[in-house]
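The primary structure of each chain is shown beneath.
Number of protein chains: 2
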Amino acid sequence: MCELLAMSANVPTDICFSFSGLMQRGGNTGPHKDGWGITFYEGKGCRSFKDPLPSAHSPIAKLVTEYPIKSEAVICHIRQANSGGICLENTHPFTRQMWGKNWTYAHNGQLKGYANELPIKFHLPIGTTDSEHAFCWILDQLHIQFAENEPTTKVLYQFIASLSEKINKLGVFNLIISNGENLFAYCSTKLHWITRRAPFGEASLIDAEMVVDFHKETTANDIVTVIATQPLTDDETWQKMSVGQWQLFCLGESIASGQTEAEIKTPANNTN
Amino acid sequence: MCELLAMSANVPTDICFSFSGLMQRGGNTGPHKDGWGITFYEGKGCRSFKDPLPSAHSPIAKLVTEYPIKSEAVICHIRQANSGGICLENTHPFTRQMWGKNWTYAHNGQLKGYANELPIKFHLPIGTTDSEHAFCWILDQLHIQFAENEPTTKVLYQFIASLSEKINKLGVFNLIISNGENLFAYCSTKLHWITRRAPFGEASLIDAEMVVDFHKETTANDIVTVIATQPLTDDETWQKMSVGQWQLFCLGESIASGQTEAEIKTPANNTN
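So the protein lines, in turn, are chains A and B.
Under the numbering used here, the residues of the first sequence are numbered 1 to 272, in order.
Under the numbering used here, the residues of the second sequence are numbered 1001 to 1272, in order.
Far from chain A by the CB rule (all over 10 Å, computed), these chain B residues: (1) P1151; (2) H1215; (3) D1235; (4) S1242; (5) Q1259.
One side of the interface only, derived from the structure: several residues of chain B facing chain A at Cβ under 10 Å: (6) F1040; (7) R1047; (8) G1100; (9) H1123; (10) I1126.
Simulated from the structure, these hints should not be mistaken for laboratory data.
A virtual CB, placed ideally from N, CA and C, is assigned to each residue, including glycine.
With the hints as extra help, turn the sequences into a complete structure.
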């Protein structure tokens, strides 16, 4: 399977520490060697770094660990290819414009029968993954449902949760999606999150010899949530999301959550 | 004014040499210090590196000069801000999807009255530049003219030339746009290009102490065209485009060109 990583923060914060751990799972401590990508929001703008090479050996990934880009919302993905070849156009995250905002999306899982079950018309995929197809379908559904009128946050993410539930019926659909203001996570099989706030302490990465003292790196008002497929540190308590659960984050805080109907998948389904 | 740089090649080729020259003009040998960006196509996929910082001092720009990404189409821009603040969402190039392809766009110049003269409906800007607005208008016009049916190359770029002519009436509109297969350049005031092919020789950068012997870097079949606002080397013959002229490149070759009506702009107009 792939792995997801995301961050929501109330002040521009770098993700160097968490990414330093995750990147090792792309060909070193983990098998997700078929490309990686990370998207940083800075205001309404965003920029992505992507490589179809393993993150553990990518000079671009090394730069991302060393160059602290401060952001309030980040989405990252390391890939173990299943649907679609190993190439740049199949490398997550995917970003498209809607309602004058950048929407960024990354998926962990695998879908079957999506071409028939998720017909698309307006937003066409560029690559050949089930993941990008599902993203285009979500954007099409948003367009069909709301046209030019961006709905309220509550209506929007309730609707995205209902779309996630529908997609999840086709396989495994762990999702992170953001418009830069809010960050939405849907758990199909596996997703964890942690909110760090004062009093801050130390944390140690599982995948690299690295300890950070957040107390030294932050101010007392900072609130930062990190979401990841699997916990990245071994000395903090991560919250495990339940199957079918969704969480909405804004400025580092969980601001809404809900539970959709979803069957528990057997591990055999969870192969991407 | 800003500066543009682009490349079209018949084999995946890196742009490290040309970019090493251009990046110096972003805060060192030139005043274009308000951000920079570069987009590389690799197959149907593309990836961008962007920074609202001066390219001459950007660690990301340094990586781009040292990490040879091989591409058949590249678009690059260094910015001296005029319309829109210095921030990531106003940093060129801009990329959007149409007909299942990534379309990438960069503009040098400045437009007046574009909000009224170039009304947009479907493709909304994220930032606040005249440049992104004009890009959105082009995409809207393509959508209105051709809907879901991608036209032939000839029809498509004749139409884009006519759109460029119309936009150019609003000020200065030097344009590079590409869908990864073709690369289109429109000259409003200043644009140069050079096609390198066997027998290859040496070339020296104007902006950095750097000489390359293309004979050692290439094979006899390589054809590479570089397009730039101003020549990047001082020992080669660059072709100067005329006012209102457009050129279409594919796999390193000029495959079509044309002349639109355009008045010669006074230097005073050319302030971005």
